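Chains as they are written, first to last, in my numbering: chain C, 664 to 977; chain H, 203 to 473; chain Y, 304 to 862.
It should be emphasised that the hints constitute simulated quantities derived from the structure, not laboratory data. These figures come from a predicted structure and were not determined experimentally. Built from N, CA and C at the ideal position, the CB exists for glycine as well. It is possible that part of the hints are untrue.
[Stated by the list, open to error] What follows is a set of in silico ranges between Cβ atoms, one per label pair, in the way DEER data are often shown:
no.	chain 1	residue 1	chain 2	residue 2	range
1	H	Trp299	C	Pro836	50 to 56 Å
2	H	Ile390	C	Arg727	45 to 51 Å
3	Y	Pro612	C	Arg727	31 to 37 Å
[As the list claims (entries may be wrong)] With a Cα cut of at most 30 Å, we get these calculated DSS-like pairs of lysine-lysine:
no.	chain 1	residue 1	chain 2	residue 2
4	H	Lys204	Y	Lys736
5	Y	Lys760	Y	Lys736
6	Y	Lys560	Y	Lys760
7	C	Lys821	H	Lys240
8	H	Lys204	Y	Lys318
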Amino acid sequence: MVRYILKRLITLAASLALASVVIFALIEVTPGDPASFMLGLNAAPETVAALRDQLGLNEALPLRYLQWVGGMLQGDFGLSYTYKVPVADLVADRLEISAPLALIALALSTALALPAGLWAASRRGRAGDALVMGATQLGIAVPNFWFAMLLVLVFAIKWQLFPAGGFPGWSDPLAALRALTLPALALALPQAAILARVLRSALIETLGQDYIRTARAKGLSRGAALTRHALRNALIPVLTILGMQFSFLLAGAIIIENVFYIPGLGRLIFQAITQRDLIVVESVVMILVFAVIAVTFLTDLAYALVDPRLRRPA
Amino acid sequence: MKPALALGAVLSGAALAAAVLSLVWTPYDITQLAIAQKLQPPSLAHWAGTDHFGRDIASMLMAGARTSLAVALVAVGIGMGVGVPLGLSAAALRGSWVDEAIMRGNDLIFAFPSLVIAILITAVFGPSATNAIIAIGIFNIPVFARVSRAGALSLWTLDYIRAARVAGKGRARISAEHILPNIANLLIVQGTIQFSLGILAEAGLSYVGLGAQPPTASWGRMLAEAQTMVTLAPHVALAPGLAIVATVLGLNLLGDGLRDALDPRLRGRMA
Amino acid sequence: MSLLHIDTLDLSFAKTPILRGVTLGLEPGEILGLVGESGSGKSMTALSVMGLLPQGARATGRIWLDGQDLLALSERQMCALRGNQIGMIFQEPMTALNPLMTIGDQVAETLMVHRKMPRAEARAIARAKLDRVGLPGPRFPLSLYPHELSGGQRQRVAIALAIALQPRLLIADEPTTALDVTTQAEVLNLLRDLARAEDMALILITHDLAVVAGMADRVAVMRHGQIVETGPTEPLFRAPRHPYTAQLLAASTHRPKAAARPGPAAEHEYFCQEEAAGISSWQKYSKSDAALLRVAGATRIYRLPRPRPFAPHPELRAVDDVSFQIGPGESVGLVGESGCGKSTLTRAILGLDPLQAGSITLGAHPVGPGMPQAARADVQVVFQDPYGSFNPRQRVETLVAEPFHLTGRPADWQDRVAAALSEVGLAPEDGAKFIHEFSGGQRQRIAIARALIIRPKLIVLDEAVSALDVRVRAQVLDLLATLQASHDLAYLFISHDLSVVRNVTTRCLVMQAGRIVEQGPTEALFTAPRHPYTAELLAAAPQIPPAWMEDRAHATPLV
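Using the sequences provided together with the hints, build the complete structure.
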């Protein structure tokens, strides 16, 4: 078990290191000088040079990379070129919105997908199965941002049950949750469709295994064999998809935040791109990648919890 | 043919036909603005109505189909062209450092969701349809590499591969002669899935302004422009969305249907 | 009154009849052997009794168990019966247990489902049951997971959970087919002992007549969904009434005629005598150039993962200092249980894997991954699996012609393929077909044609007939014997089936844990084994008592 976790931790560190090199290198090859961009077109060359010095842009490349990584490890992401405030503070503010949004969406999609997948698998080939499968087929085909627009049209504009956009802050938690409801729903539904399909096919696959036949020969009913033997075994492929979905949810959140004008990480990164605030882009991308890699690590740990073959290899 | 497969073929075929037709003919010229005709509801003259510049939405949908399909198709091509050889090599040299390097590289790309790749590329090179293709294509590479590696690995344990090795054939030749034809089904199915995901991704990227730029027509950008007018004229937002749903649904049904039709186990039963 | 009475059971699947009028009775405590070839309907009969038929199957007739008609019971009533009054174990122990659940919980589950007893009590009984099936407490705690057990041990767990409630009827569907001979003997003994001691009736389903001969009180023979003959075991073996039973019996002890001929080279004869006398020295023999294949001190070592970081890699000596030769035209058997190193040795002989020590030479050429193509042409191979041996997307003629890669494809390759197909008993036109159009036995014939096409001197038969039904197997063995005589082929016959090896080889090697523990002339080795492991293997191998077959020796022609 310890060995397994150690191996995963080493993979985690290596992926992070590699990702940071890739991101740093990409931002480095970007044309344009941040210093002159910050000072505007009319800045004197001396002032630009002074600022470059101050920003550390004249140092050797490997040294700057190490400074960047070293800073991040201490929570120092540098200074935003446009806002002139620490990037860490900017990101922390935005994460307060984006992280709960992604988590609510994840919880919502799981809550929808589990019963749907179970139900469809248990009545495979019958009308209920066909119904769930048809609905999920449609759910996968709907772009989440368009679905978000439809939600706004119906629930915000027509029935006025939820706000159409914006975020009031966490000082009023109820209002904040209300503001996140439609975005979370828009994010969750297409993901729930995928998850339900994966769960169904994983369950059907496990139901064909020999040990299900053994369980039935013991006297377990079809339903008991499904919940007591098939479900846990089907969880292994489902976990993989759940882990991958997190990265889709993050990406989806970037777009959905734009539909609802929610000041999260997604809005921040688009503003940074238009303002060529590359240090913010660099940091936010690094944080997103970190989140994905960390979730992959957690998925691997979850495998070990579910599967004794990983926990106690023979 | 099963009804779902037929529906899939019809929907995907319609999108393809619209895209091809738009090369030579659209009902109206979409570069001509006619502000006087703006935001008209669907009518006989304008089947899907007009947008806030008075352009014919049906014509724009046809031109948008071209962008969507082209971006997704080229992205699948990139993913297959790079990913399949990588996956085959990894499987042929299973357990070696080559395999390890390819799989770790895959994991690394997987850590960057396609939108994040697009954001990085756009930040560096500026937004364009080409960059959208590259971003989606890069994301497709590890998908195809994994699928072909997994499919190839299960084949490498079979006796006919051992027989080919006893016949003196090398790993590269066996991969091309015995492995590739037998994973073609898997690749076709995965190809349709990635194709439909590519259409969704292109729409998303264009929607947030990282994809196709004006004057190139794009379903995603039509939706972005429609967003502010959704209360005034819902049809402006409905039409492009429905076009996306229909195309993606069609491709997914086609993929599922092909998987069943090509499954050798199912086919064996019919024989 | 009989315990189980199946009365004219008909079963159809999507209008295709599977079982036709199956009628069968079973007394309490009786062991019934249900035999037949694949597809004869044995398993479907068992699943009908269990009420676990696949969806879409329609069963009619009566299945009486203790006076109640099982086919008339509801699913809920059947659930209460299964595991309680009827237990069942299946063929594949590796997949029959839930990998995520401890063995203790899996056995206890049977008790908890039916007796509603608390978990602690159920686990205490589970402990006793596992002890009963030969998995004693200290070595096999309840907290073990299936992957921590061997195949034979898993099958014991499966038996424990099937007999936890002392059912009156146990159905065992090919329970030992996936196990090695020594494990098979242990599991069969356990089953017989359980049936006798607990007065539990047992239906033993198997394709292996020898297993039935040693186990069953009565035998029922199935074919095409019908019972063709049933009767007490010994009389049925001595004097089968139905021709099909007679064919099965003849095929399972079939000895191809050509194999009985003496070894081709006098020098080889001399060597065999020397071997038999215990003067085992390959060095002496290897000086002569009569040997076709010469394996000298072959050693193949695998590095295992480190037990902890920075510890040295432990080594597995999969093939450990193995030496032997095969002369031209000779048939040599290689027997051993799974994991003994047979497959690793085979791969080395085929030149697919390198050796860490020792050498293999074929004719004048050293064998290894880097050997020249032309040298490879002297050895070809036939594998076990008739389904996985061919690329399903190529035509048979392309498949058969593949070895021409070694020699260059001659201009008349299509004629040669046609000739090879004729030689193995197929039509030349079959070359244009795809592999899925052929049966298992025909596919093995095609595999032989493929091996034959470049006229090799040695063919490695890697469990080549193990997946075939007995009658087809006998035909393929005859074909191999004919080809050996006409082409002066040498065979290396690798098999776990001792009776086949005994019937078709002149010399035999016994392998255990990477080493050849005994080698010598087959008959001598089988009648007077010198190594204890050989003796153990022979004792474990199920056998039809020769006396039972004497009455009709050569009486029944093979069909």
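Now for the hints, and whether the structure bears them out:
Taken as a hint, the range 50 to 56 Å holds for the pair tryptophan 299 of chain H and proline 836 of chain C, whose Cβ atoms sit roughly 52 Å apart. Taking the beta carbon of each, isoleucine 390 of chain H and arginine 727 of chain C are about 47 Å apart, inside 45 to 51 Å as hinted. Distance hint check for proline 612 of chain Y and arginine 727 of chain C: the Cβ-Cβ separation is about 34 Å, which falls inside the suggested range of 31 to 37 Å. At most 30 Å may separate the alpha-carbon atoms for a hinted pair to count; lysine 204 of chain H and lysine 736 of chain Y meet this at roughly 28 Å.
Under the criterion of a C-alpha separation no larger than 30 Å, the hint pairing lysine 760 of chain Y with lysine 736 of chain Y is consistent with the structure, at around 28 Å. Of the pairs offered as hints, the one joining lysine 560 of chain Y and lysine 760 of chain Y holds, with about 21 Å between alpha carbons and a cut-off of 30 Å not exceeded. Of the pairs offered as hints, the one joining lysine 821 of chain C and lysine 240 of chain H holds, with about 23 Å between alpha carbons and a cut-off of 30 Å not exceeded. Note on lysine 204 of chain H and lysine 318 of chain Y: the hinted pairing holds, with a Cα-Cα distance of about 22 Å set against a maximum of 30 Å.
Violated hints: none; the structure is consistent with every hint.
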